[in-house]
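J.: Using the sequences plus the hints, can you model the full thing?
Sequence lines, in order, name chains A and B. The numbering of the first sequence is numbering that gives the first Met the number 0, which starts it at 0 and goes up by one. The numbering of the second sequence is numbering that gives the first Met the number 0, which starts it at 0 and goes up by one.
Treat the hints with care, since some could be wrong.
Stated by the list, open to error - SDA-like, lysine to any residue: derived pairs with alpha carbons at most 25 Å apart:
(1) B:336 - A:248
(2) A:336 - B:108
(3) B:82 - A:346
(4) A:66 - A:44
Note that these hints are calculated values from the structure, not bench results.
2 protein chains.
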Amino acid sequence: MNSFQNPIYQILHPESIAVFGASNNVTSMGTQLLLNIIDLGFRGTIYPIHPKQKKVLGIPAYPSVKKIPFGADLALIVVSREKVPKVLEECGQRGIRRAIIVSGGFRELGDYGRDLEREINSIAKKYKIRFIGPNCIGVINTHHYLNTTFFPYRGKTGFLGIISQSGSFITQIFDYIGRLGMGFSQGISVGNEANIDLVDCIEYLGDCKDTKVIALYIEEIKRGREFLRVCKKVSSKKPIVAYYVGGSEAGKKACLSHTGSLSGSDAIYNGVFKQSGVIRVYSIEELFDCCASLGTQPLLRGKKLAILSTSGGPGAATADSCSRLNLHVPELSTRTKNALRPFVPRTASMANPVDLTFIKEVSSFFRDIPQILLEDEDIDGLLIYFLRPKGGLSEFIENTGNNATTNELEGAEDIREHCRDLAILARSSGKPALGSMFSGREEPIVEELQDNGLPVFPSPERSARAMWALCEYARMRGESYD
Amino acid sequence: MNSFQNPIYQILHPESIAVFGASNNVTSMGTQLLLNIIDLGFRGTIYPIHPKQKKVLGIPAYPSVKKIPFGADLALIVVSREKVPKVLEECGQRGIRRAIIVSGGFRELGDYGRDLEREINSIAKKYKIRFIGPNCIGVINTHHYLNTTFFPYRGKTGFLGIISQSGSFITQIFDYIGRLGMGFSQGISVGNEANIDLVDCIEYLGDCKDTKVIALYIEEIKRGREFLRVCKKVSSKKPIVAYYVGGSEAGKKACLSHTGSLSGSDAIYNGVFKQSGVIRVYSIEELFDCCASLGTQPLLRGKKLAILSTSGGPGAATADSCSRLNLHVPELSTRTKNALRPFVPRTASMANPVDLTFIKEVSSFFRDIPQILLEDEDIDGLLIYFLRPKGGLSEFIENTGNNATTNELEGAEDIREHCRDLAILARSSGKPALGSMFSGREEPIVEELQDNGLPVFPSPERSARAMWALCEYARMRGESYD
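T.: In structure tokens, the structure reads:
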């Protein structure tokens, strides 16, 4: 199936949206959502529906959805729960067949809410409306300039698709994933899943051409059998990583009060994940770290890694983490050692980790050594710990009364070029390469490598974990040599 | 013993330093070290020793240590390894009794180096010189404005003491710990430990009044019995957290090539750590996260935690992590629920996690609710997930053509005040409180809480792990109720 045949496609690619609940009062939720739609530069038509205002945020408004001049692909509904059935009914009459119901207070808030949810379900059925929510935080599709959530999106267009049973894990990590050099392709907060559910969304993102890896935040899988079937199919095409929080005692209880979910034991869920080819993780950090590697790197087809480091501690820490994840850091062959020799300082160790002790030639570190390691047929992947070759030299020089600005800037440009070359080299090797560095994107090395598809993580251990995901995925697809 | 009676005290508190190996060539290692000493504003006297230059970096230089007008408390030696014995001999003759030998190429580089190391050991013995190194990266004492490492220190004066068998894990995380709101008190890169070793340093930091918590990076414990004895004594006064990387197969091999260390199995080391009251961790992140909580918070005397969150997902993730760390998230008492009721929105859950769903009153979130939870005698500690109450409202308003700068700035000031009040409230409760937020210190909430002694971590899971350390330490000291 092509993704545009999926009912969710139109929700994420509307050409026109009718917005219920936005006004000129900027503190209201509906208004904030509309502001975010405008902020990301939505290119379609917006029809604010407002009983009194002629214009909402400068956009011509209509007193009723019946009055809009053309139909709308999507209704965005952010009104009080009592009004939702009437609004949905009117949408149905106007021919709108897709909706996002942000309003809360339904099943998650007792009997009255449950009845209301039933009512909107039957209205949707009558008019063949497919909707996301209620009690959700909206959707984002960076490739379509669409953001109907509470938070402005300032990140980049990306390859990471996320489906979440908590809206927070979409909106509140907008910046967070940016620090890993990633952006969302599409994000869907599924809310109460009264109509469209987790499984529907996985199926859709499986077909979505903009999405290379799928992240899931799960409190409960409602349709276990379908989850298994769909994930099996999707995970054979692209990786799925799941953070499931309902498997522990306190997690289970928390899920029950959050979304009324009846979580299952770790054992059951692990079984489901394993059978369906889904990689399970245990924290938000792991979730996005693994997506960063899975979305950019080829499979790790064996378990044998080379580690390159400028210093012994980070090298040893990387090696220790690999071992604990059941990845191997084998002795390098004599041939590889001989090939490395001209490029490493006298003080270096050519055991694995290759510990340079210091960077003699920047080009050796960024080109020759990685190339030799990646060309070694006994090596399946490469982990590199990065250090800025001339840490703060310009500051030193300035302290002595000299002006080193020009040199330093030239240095930074050089570094960027070295990083781009390294990313190209790694990509063309067909083997995965990941980096770590104790700096963020303010450091040109981190920014340039990330932006060229070589993920750099904030610690050696996290790069090892992200490499592990590439091994897991290869194993699940039956494409591991080991 | 007072710390100033310890031989290491003078190394970290010199009033005068003779520097060997610095010149006016800013690319040399010795010069970089001297620049960093100047950069941190060292207040004592510096005597550069240089055969030809009259001044080094603007400081009067001397052709030989014999020519310096007064004695020196410390020699900093960054010359080629062959020259080290002669330099040390001259220092001894001049009456210098403390040294840091940064030069490498000794025991770690084969037989010739091993002989050289023996030679400097016997010279040190002859003159009763105590020294750190060789093959180390120097020391830092922020309280004494002393930084003899390769990297400039721009962080704050702090409470974290670190002793590391890798210099990288001191210098390369200068900024890293700053992001957790911490600064170093003192850091010691022990190098080859030819004279002063890990155990000596632990004993010293145990007595150091500026150090509240001790971080260790370990590849090998050479004096097991003494490690045990000293750590037992020190850990009864202040917490020690150790990151040991030699326990896995690849870790062991990496340690051997890095420092020639003969690491031991996890089982043996875990036994040693347990007996000596040392908390073991498995990553750099855990190491510093745990230090952040242990250095600022009281013990977690029981295992019962309250969790406060603005949204369900992060609350559930925190709860799940706690459970996995064997911490409890019990149902709150009716009394506490009744007390909370006036302060939470209608949509909130008062199960534990307390999930507000949104912030109704900022003061309730930062004051009333935490106060009620911390006063509950069935609750031993508090974890809070933070969200900016009015995320980006000014941006929204600006988009509509208004100017919201003033309001936003007032908002930020308010938030800072709320954060300070919360930190004070938590401190006066006598129970630990930790936060998490998907933002860094660019966010006033994170900055203000961290700077007022309430650590905020970049994810819910990491705050749970840092809380676990407070439980471990209570247990090790026999001060846990559970």
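J.: Next, verify each hint and record whether it holds.
T.: Hint check:
| no. | hint | verdict |
| --- | --- | --- |
| 1 | B:336 - A:248 | 21 Å, holds |
| 2 | A:336 - B:108 | 17 Å, holds |
| 3 | B:82 - A:346 | 17 Å, holds |
| 4 | A:66 - A:44 | 15 Å, holds |
Comparing the model with each numbered hint stated earlier shows that all of them hold.
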